[in-house]
Amino acid sequence: DAGVIQSPRHEVTEMGQEVTLRCKPISGHNSLFWYRQTMMRGLELLIYFNNNVPIDDSGMPEDRFSAKMPNASFSTLKIQPSEPRDSAVYFCASSSQGVSEAFFGQGTRLTVV
Amino acid sequence: GIQVEQSPPDLILQEGANSTLRCNFSDSVNNLQWFHQNPWGQLINLFYIPSGTKQNGRLSATTVATERYSLLYISSSQTTDSGVYFCAVDLGFTGGGNKLTFGTGTQLKVEL
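Chains as they are written, first to last, in our numbering: chain B, 1 to 113; chain F, 1 to 112.
Next comes chain B alone, as it looks inside the complex (with noise of 0.2 Å):
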């Protein structure tokens, strides 16, 4: 298996700008999650799906971000409008319910400037 792939691995915006993240998980998995890491927080939890349902928001900073996950092997986190204390590196991971290791994709680096 690939693993999980995310994309763009980076992007560079301006403030203003309407941002898409996008994964794909691990073949089979059925929960996903999405991370973002900053020097001041560390990595933190924003959402998570399971069978392409949000089960848990309450991370998700404010209404100018959006996650969806439409089927089992795609989801996008949009923000829209991009701010510069949104850069970050965002995190797609993937794990199996039952089995719950999870696994990370390379991450996206997100910098709006």
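Derived from the structure by calculation, the hints contain no laboratory data.
You can take every hint at face value.
What follows is a list of derived Cβ distance ranges for each label pair: (1) F:ALA65 <-> B:ARG41: 25 to 33 Å; (2) B:SER87 <-> F:ASP27: 26 to 34 Å; (3) F:ASN45 <-> B:ARG9: 13 to 21 Å; (4) B:GLY28 <-> F:GLN107: 30 to 38 Å; (5) F:ASP10 <-> B:PHE74: 37 to 45 Å; (6) F:TRP40 <-> B:MET40: 15 to 23 Å; (7) B:PRO81 <-> F:TYR69: 41 to 49 Å; (8) F:GLN3 <-> B:GLN97: 21 to 29 Å; (9) B:ARG109 <-> F:SER75: 29 to 37 Å; (10) B:SER87 <-> F:ILE44: 19 to 27 Å.
Partial list, derived from the structure: chain B residues whose beta carbon lies under 8 Å from chain F: (11) PHE33; (12) GLU101; (13) PHE104.
SDA-like mimics (lysine to any residue), calculated; alpha carbons at most 20 Å apart, straight line: (14) F:LYS109 <-> B:MET39; (15) F:LYS109 <-> F:ASN45; (16) B:LYS24 <-> B:ALA72; (17) F:LYS54 <-> B:GLU101; (18) B:LYS24 <-> F:ILE44.
Predicted model, so just to flag it, every value in this text is computed and none were measured.
Note that beta-carbon positions come from the ideal geometry of N, C-alpha and C, so glycine has one too.
Following the hints, put chain F in place on chain B, whose structure we already have.
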């Protein structure tokens, strides 16, 4: 929420030395994982170890769930071991899906 503390925060080793990294957590957990974040930012799975002891080459880990801690041992360290080591735990969720809470990490640098 659950607290996850790692020590030491920073560590510098000479190549070939051994080290022990510690992870303390404040509540009973369903799962514990150790990760290595390499200098390129990639999070690499080291161990999935809710309890007991596991070994993988020069690395081994022990989790004592009843006492709420885990240890990661690195023997004969190499420069490629440099990076940040994270401990992450989850409390389990009966509805499925297990969200990880990460510690603040141990920054390791191995020098020649």
